[in-house]
Amino acid sequence: MLKTFSLGGVHPAENKFSAGQKIEILPVPEQVSVPIAQHIGAPSEPIVKKGDEVKVGQLIAKSTGFVSANIHSPVSGKVFKIDNVLDASGYKKQAIIIKTEGDEWDESIDRSEELVKEITASPEEIVKKVGEAGIVGLGGATFPAHVKLSVPPGKTCDVLILNGVECEPYLTADHQLMMEKGDEIMVGTQILMKALKVEKAIIGIENNKPDAIKHMTDLASNYAGITIQALKVQYPQGGEKQLIDACIGRQIPSGKLPIEVGAVVQNVGTTLAVYEAIQKNKPLFERVVTVTGKSVSKPSNFMARVGTPLNQLIDAAGGLPEDTGKVIGGGPMMGKALSSTDVPITKGSSGILIMPNEIAKRAKVEPCIRCSKCVTVCPMGLSPYLLSTVSDKGIWDRAEEEKIMDCIECGSCSFTCPASRPLLDYIRLGKGNVGRIMRSRTK
Amino acid sequence: MSVVLITIISLGVLGALAAIILYFVAQKFKVFEDPRIDQVEEALPAANCGGCGFPGCRAFAEAMVKSDDISDLNCPVGGAETMSAAAAILGKEVSAAAPMVAVVRCNGTCENRPRVTEYDGATSCTIASSLYGGDTGCSNGCLGLGECVDACDFNAMYMDEETGLPVIKEDNCVSCGACVDACPKNIIELRKKGPKSRRIFVSCVNTDKGAPAKKACSAACIACKKCQKICPFDAITVENNLAYIDYDKCKLCRKCVAECPTNAIHMVNFPPPKPKVEKPVEEKAE
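One line per chain: the protein sequences are A and B, in this order.
The working numbering numbers the first residue of the first sequence as 1 and each following residue consecutively.
The working numbering numbers the first residue of the second sequence as 1 and each following residue consecutively.
Careful: at least some of the hints might be erroneous.
[As the list claims (entries may be wrong)] Straight-line Cα separation of at most 30 Å, DSS-like style, residue types lysine-lysine; simulated pairs:
| hint | chain 1 | residue 1 | chain 2 | residue 2 |
| --- | --- | --- | --- | --- |
| 1 | B | K28 | A | K81 |
| 2 | A | K336 | A | K92 |
| 3 | B | K214 | A | K50 |
| 4 | B | K225 | A | K336 |
| 5 | A | K117 | A | K49 |
| 6 | B | K209 | A | K62 |
| 7 | B | K209 | A | K336 |
| 8 | A | K326 | A | K280 |
| 9 | B | K225 | A | K93 |
| 10 | A | K431 | A | K256 |
| 11 | A | K81 | B | K192 |
| 12 | B | K192 | A | K49 |
| 13 | B | K92 | A | K92 |
Hints in this document: simulated from the structure, not taken from any laboratory.
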């Protein structure tokens, strides 16, 4: 019996159409638009101005706080302008637009493919370097990675858990990375272990990727302290709290972070970025993006520079199918529908999912029949039907009592609801308001 | 028989005892409440809408009784009449606040503002605006899901099916501000009702530059500043690519209305144009 997390969860159709597709390096776009807010936390501050020449990997926007991240130029060329451009949600956000000229990399970046196993950096240097390289959680949440590596005083970490779960249906970016960059991920894991001063690392991989489990297990035998944990396929296993529960059976108390139980979780993509930053001096300016969908002619995994227009990725995957009803940034469960494809990819873009018309629309909303399916599937043990109702009615104190802030927004409740109620939409609304109230109280 | 008697006597004695105890307890814990609070509350509309900024009519009555200076208190629902009646009970004076009315500052009808995407999520403006900019090219405009209408306690709003925009029923609007708070896009504003309910306002909140604004909506303010230039009373300011008319300075001359190239400046309740126009106007900008 394979391990999984103990509470709730769903198993949506996997539809991993792009599985096994080699990571294809996307040509450098003619122009990139790099948003200054690509991560959780404070937006970065641009340090280049119109007309400046930049090289690949050059710092172009500086982090403005502890929870913030540096942004580096993904291309070489001239800064065309710094302006507000439409982002994926249809709001204007500030972005640095660079016109590409050639592909000249910063000299300090080691572009060789050679695996550098020896870790010379000290733990402090690693954390500092990870911060400087602008690395954020590449699973999609984009939480600055150096923050997680800085264990707060009084807390200890005894295990590092790597997320190779990729529980979102359709997406295959992490899967493919493990297959092609397994060694780099292993060294990256050791770098993270050194930074956290832990002896043990577990890489959790879901059972629907047997090739990755085998490949990684083979590699792990060459590296001390790293074990691979095969997991039963269950969404949302990629959630930090669920993954810790699944791998080591520890439950995080309500409102606390994983460090409370001595664990730190990083995504495998993030781990590769850490390897490249420490061993190759390469900051984060490109990532693997899955472009997929039922009617996409060539579902693919691309290595694309941040700021590449979405359209270019879609074209490279065979173009937008005629029956397209919806384009989603991310996976089908947690991703967001995009209001335009004329937007850039960011550090958090794990996938582009193109849904055909017949499955793109939400079903008609019916009254709640109190079947309690949402309660059964909620991995956090909440009552989504209740939370959505109190959020709709604006009863914030009740929402707080019912632990609305514990919701990880995985969407299992909305997915399973037989009345197609937009449960998560209302819970997000409630979370926003309750969070604001709680913060104002502590001020 | 004796059972009945004993029952009556014992219950009677119990009752009398309880009454005596309750009497003394009531005396001991008596809370003095100014009787004028009740009187003032009587005089208020009892709508409990919160338009005055207090949790309800009773809290407002308490505030009126307790504060020496009531000039900054106002019941928008009752208006001047109610306020003077309530003030009379207290022997205080109020200056009549100018009556206000809610205006919807968006004219992005289906015709003016073509839809570019389709929204099928929860029917709530707040949720929709947290997810995306809107189903048109304008990320400032009305989402048309009617949260303001739901917030209105006075039956003063409805959604116009044809335009997809909310409409204020002027006669019912008490300017409580519930719709203003409900709108996540800050489209609704309370403005002075104006003489004979005539008023002029910029019916747009788009802060994009001229070209994208115009592309998204043919009735958008394009911040051309023509209105600002023509206004004889300096009532119009153009900030952040959007014109705004200061209703205290506006003399309703209507020059700006004619000047606006996109008809983003609206005038309400004016008679059809006559050859002679009395007063100066505000405008709008490009």
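- What hint numbers does the structure not satisfy? 1, 4, 5, 8, 11, 12, 13
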